[in-house]
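Based on the hints, put chain B in the right spot on chain A.
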Amino acid sequence: MRRSILFLCLSLFSAPGYAAAAGLTYPVEPASTHIRFVVDHFGLFTTKGEFTTFSGQLFLDPDHPETAHVAVTVQTASVDTFWGDRNDLLRSPDYFDVGRFPTMAFTSNVVERTGPDTARVHGVLTLLGRSHDETFDAVLTDRKPDMAGEVANFRVTGRLLRSDFGMTAGQPMVADAVDIAIDAHIRLK
Amino acid sequence: MTGRRKLHWWTAALVAVMLALGWIMVAVPLALLLLKFVLYQAHKTIGIVIFALTCWRLLWRRRGGGTGLPPGWHGRAAAAVHAVLLVLLLAMPATGFLMSAASPSGVPTLFLGVIAIPHPIGPDPALFERLQVAHRVEAWTMLVVGLAHGAAGLLARRRMAH
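Residue numbers (our numbering), protein chains in the order written: chain A, 352 to 540; chain B, 169 to 330.
Next comes chain A alone, as it looks inside the complex (with noise of 0.2 Å):
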């Protein structure tokens, strides 16, 4: 009681976004969460992979989603197709460029609640020195309580055009869409 009298006191004084919001800044490690990717291959077969090295932070209010904010920044070279060859060829200059583009950095404006359960996350994401708005699908798959409290998982999915950075290689081998999704588990606060 005493910690929320507190908050809201903390909040009347803050942003005005978060003004009425009892929401917790999460860190986003890879430890609670895996950003996977999919590419296509003529629909013959696809490429899947992730990224195991970032970091970033969401703000978040689970019963008021569209407060939230997040801001990740992900270290390209950490691309991990499961296969050293390909893995090699996509940290080249042809592809992430990581010896000139070592990270690349989404961050939300908007976020918008579609559902009791699901949102959608407005935001831009930066790679290889260009910026483009991309649109990522939040859905609530759990909250629940477990022995220390409670967690909440959830899924972001979006589709991206790589040629919108300028990511142009291995076309039509490499189909330009890349299918996103995150997945996150949250302890909540």
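For the record, the hints were derived by calculation from the structure and aren't laboratory data. Treat the hints with caution; some may be incorrect.
[As the list claims (entries may be wrong)] Partial chain B-side listing against chain A, Cβ under 8 Å, derived: (1) V196; (2) A199; (3) L201; (4) L202; (5) F205; (6) G236; (7) P272; (8) S273; (9) V275; (10) P276; (11) L278.
[To be verified] Label-pair distances were calculated between CB atoms; the ranges are: (12) A/R538 to B/V255: 56 to 62 Å; (13) A/P381 to B/G281: 46 to 52 Å; (14) B/L258 to A/D439: 53 to 59 Å; (15) B/L202 to A/R538: 43 to 49 Å; (16) B/G318 to A/D527: 31 to 37 Å; (17) A/R451 to B/K174: 27 to 33 Å.
Ideal Cβ placement from N, Cα and C applies to all residues, glycine included.
Relative to chain A, chain B alone:
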């Protein structure tokens, strides 16, 4: 040309193409994704065809007809060479197929580039490396024994002409 002879020469031609294709496709850099993909799928498709043709030949063989080999050591050596080649004609597609299945690349085996042949095992980098060594040893053996077989055939022909 008899059906048996046709089958022999088709197999010989396809094996020659396969050896060349095998070495070329491995040398093509991964950055040339489409070319590498097409060469690999062509190699896999021809491998499946060779496997099928060899099964057919073995069935044909069982149906009878002499080997036509001369008596003595020449004949015995030729029979041994033929046996090695037949084993390789079946073993090379088999190890190649398993190699594709175990490859960490996760690229499917597509007959004619479109028909997916289900892989019996999943990616396994350690197994892949062992199969890769086996496939390479088989390729060199095929080259050497195949050339010996061809040279022996030419010699036998010259002897028969005299």
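Against the structure, the hints:
no. : hint                         : result
1   : V196                         : 12 Å, violated
2   : A199                         : 6 Å, holds
3   : L201                         : 4 Å, holds
4   : L202                         : 4 Å, holds
5   : F205                         : 6 Å, holds
6   : G236                         : 45 Å, violated
7   : P272                         : 4 Å, holds
8   : S273                         : 5 Å, holds
9   : V275                         : 6 Å, holds
10  : P276                         : 5 Å, holds
11  : L278                         : 6 Å, holds
12  : A/R538 to B/V255: 56 to 62 Å : 60 Å, holds
13  : A/P381 to B/G281: 46 to 52 Å : 38 Å, violated
14  : B/L258 to A/D439: 53 to 59 Å : 35 Å, violated
15  : B/L202 to A/R538: 43 to 49 Å : 46 Å, holds
16  : B/G318 to A/D527: 31 to 37 Å : 49 Å, violated
17  : A/R451 to B/K174: 27 to 33 Å : 58 Å, violated
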